[in-house]
Amino acid sequence: MTQAVSFRGVCRHFGIVRAVDGVDLDIADGEFFAMLGPSGSGKTTCLRLIAGFEQPTAGHIEIYGERAEGVPPYRRNVNTVFQNYALFPHMDVRDNVAFGLRVKGVGRAERNRAAEEALELVELAGYGDRRAGALSGGQRQRVALARALVNKPRVLLLDEPLGALDLKLREQMQEELRRLQRALGMTFVFVTHDQEEALSMADRVAVFAHGTIQQVGTPEEIYRRPASRFVADFVGSSNVLPAEFVGAGPAGCWASLRPEDIRLDPAGREARVTARAYHGRVVKLGLELDGQTLTALVSPAETLPEPGQTARIGWDAAKVHVMEPGA
Amino acid sequence: MHSDTKAPLALKLSAIGGLVFLLAPIALIFLYAFTTEEKSYQFPPPGLTLKWLGVTLGRGDVWQALGLSLKVAAISTSIALVLGTLTAAAVARSRFFGREAISLLVILPIALPGIITGISLRSAFALLDIPFSTWTIVLGHATFCIVVVYNNAVARFRRTSGSLIDAAMDLGADGVQTFRLVILPNIGTALLAGGMLAFALSFDEVIVTTFTAGNQSTLPIWMLEELVRPRQRPVTNVVAMAVVLVTVLPILAAYYLTKDGENTAGSEK
Amino acid sequence: MTDHAIFPPRAGLVARGVDWVIRHPRMFTFLMILPIVLWLGIVYIGALIALLMQSFFSIDEFSGVVKHEFTLSTYAELLRPSNFDIIARTVVMAGSVTLASAVLAFPIAYFAARYARGKWKALFYIGVMLPLWSSYLVKVYAWKLVLAKEGILNWVFAKLHLTWALDGILSLPVIGGNSLSVSYLGTFIVFVYIWLPYMIIPVQASLERVPGPLLEAASDLGATPRQSFRMVLFPLALPGIVAGSIFTFSLTLGDYIIPQIIGSGRLFIGQAVYTQQGTAGNIPLAAAFTVVPIVLMGFYLWGARKMGAFDAL
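Chains as they are written, first to last, in the numbering used here: chain A, 1362 to 1688; chain B, 590 to 858; chain C, 78 to 390.
Because the hints were derived from the structure by calculation, they are not lab data.
These figures come from a predicted structure and were not determined experimentally.
We put the CB at the ideal spot given by N, CA and C, even for glycine.
Each hint can be trusted.
Examples of chain A residues toward chain B, derived with CB under 7 Å: (1) A1412; (2) F1414; (3) P1434; (4) Y1435; (5) N1440; (6) T1441; (7) F1443; (8) A1447; (9) H1451; (10) G1461; (11) V1464; (12) K1465.
Taking the hints into account, I'd like the entire structure generated from these sequences.
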């Protein structure tokens, strides 16, 4: 089956800066795909390479089996929801949404009808006459979404689309994006630096660092079996420890142990408590165990040791994930 | 800074005195256009008449000078609009070697005294064997008009988010459509304001023109000749009044245009 | 609309040309700045340099032909009393015009920034912009009307029975003369009038940025109005004054029309350049004269930059 997007050895260098450095990537048709990474990791540049704002300095990009290198953005059946929405300030909502159809030569009546449909899809029916400047952040976000969807692109790109929204609105939009994606069966490629957002929304996640992909997999794979120390630490702030320390593997390998998998265990090893912070549902403990620093998330229901005291801790050996040598 | 207290009387008087100093001479121009006195600058005018308006309207040399001035201003403004906008776009949108030098280069013809620009251009024309014509005047004017357009355009480009252009292309607009549907509407008022200022600047220019004009007369050159060797004072009076009107109206319009542009761009202060 | 992920290229030469340019952004930038670089960078700057080079040549006193050999003798000529007077006269004039503009501009700018509201604010705006943008020659002409012997100023002095005072001023050595329109004093007044708006605007802008509570804080801390002006307001307005002085100083240095129309007939730098390159045909000396304001302004700008004047522009 043809992939929606595929990268083969793609590089994008800006002078000496290697923003994207040798990326291989396949995104399947109809997939909700997240690109996760800290800022400067190359994820946004990858998105811009798919959109056509950037051209690769080396390698090949295909979109649904067609060569995309050298093709300008306006010849790609791919649309973007921008981070700051980039709504045209001199047009009302309807003209913003209808813009893509207008430049393709669709008549006024037809494009206005399509724009109204798209606005209904994002639950903004009747907002056509408003100016973009008169909308709230959440509404602008929906207009930006409608403006992209009205073109029925093969791939929809979303660049940190929820970054500017407050927490509640954000959770609501996450669900809505998920629902839209399923209903339309469209390929969504989503860039975020928020690991929770990536894990909860995407079918598959690619973790970026230093212009390269560290790991691609389902959210569970990424979380349970991080391929490298970077992934373990970035996704869910895992404890990264020498494998022999947790008694789980050959020397020279690293192992990941999730903070929530550490429990207070009267039969366990003795650790010193260095910090304690109350987080509502959980309590975060800073621990020192035989010269290694650990973080543990435990239930506030238990009787908890004070900082400076010692505590006995343990974990299920099956929860320890040992990484490949050298990773 | 603002204060609700009243200004001290001395401050108020000197401020108003300053305003009178600034405005009275211009008001005087309007009065003298209607004086009956022909030979001197007598005040108060012995009588008022509309006669000189008619006489001026019938003067071929005035019309010719006015025509040349308008033509030169129109052409050099158009050149300045194209070059100023291109340069502003390049400076605001991309980074390249010598970017800082370009913004300095654009300001230089107006920062240096006009006489230096004038002589330099004159010697350049001599060196390149270009005979004096309307086009040498136009080139001289365009040289210093570019900066006005450039300044207006570069400020607006910096305020216009770069992602708007990305968004337009992403939605399928090619280069020409992006320019027509997104870039132009966003920088339009800034260009109009810059163009009007450039027009006024060119229409009024005299120093550079004396070096690049050969024996043609723009309206300011005509005025200058009248000032140095007065021939018919009443006609000069009327022309002076007309020139004030022609230069001031576009300025007021440009002020209102840029004011609106700033409001729509959302930078309310 | 279509199942293709990539649309075919648009037809037409323009579309294809634009396509090509967008795919080569460096070329695009290059094409955008090419005309300005050709015209200003090569023709204009080239002509400027060629002109300045001329100042290192000299003119043969008998034949009047330019000798194309490197020499500093033309610069030495600048120091001859008759030429040096021209420079000194111009610099003194530029300095006094700048000082007077600053003194006149401050109350106007301060009132407009701090007290003027609504209608008054608009009036001050027009009061500054109208003279700024009115035709330069018309403004000079207006002052010819004002300063003429039979003009309004003499009439006002006569009505107030103050003609003796005016005559007293005109009888002063150096600045006086037969009438205001043929004296240094007249030249000075016109210069101040023409460049005053260039001083008001930056001063007003720097005063607008002074937060109102700052002066309240000063008086709260026990400063008298005079002290808070000297220790708070004036230092904060200074970058604006320096910025404005760049204009008044440089514009006076280079002007050759005002002293030609209203003045005593003694030359200023601009007039010297004009006559040397025109009727006298001594291009090297004209070029050397041109170097004077450029060097002076170079120093002035360097000093102004140190005082932070460029932020106030």
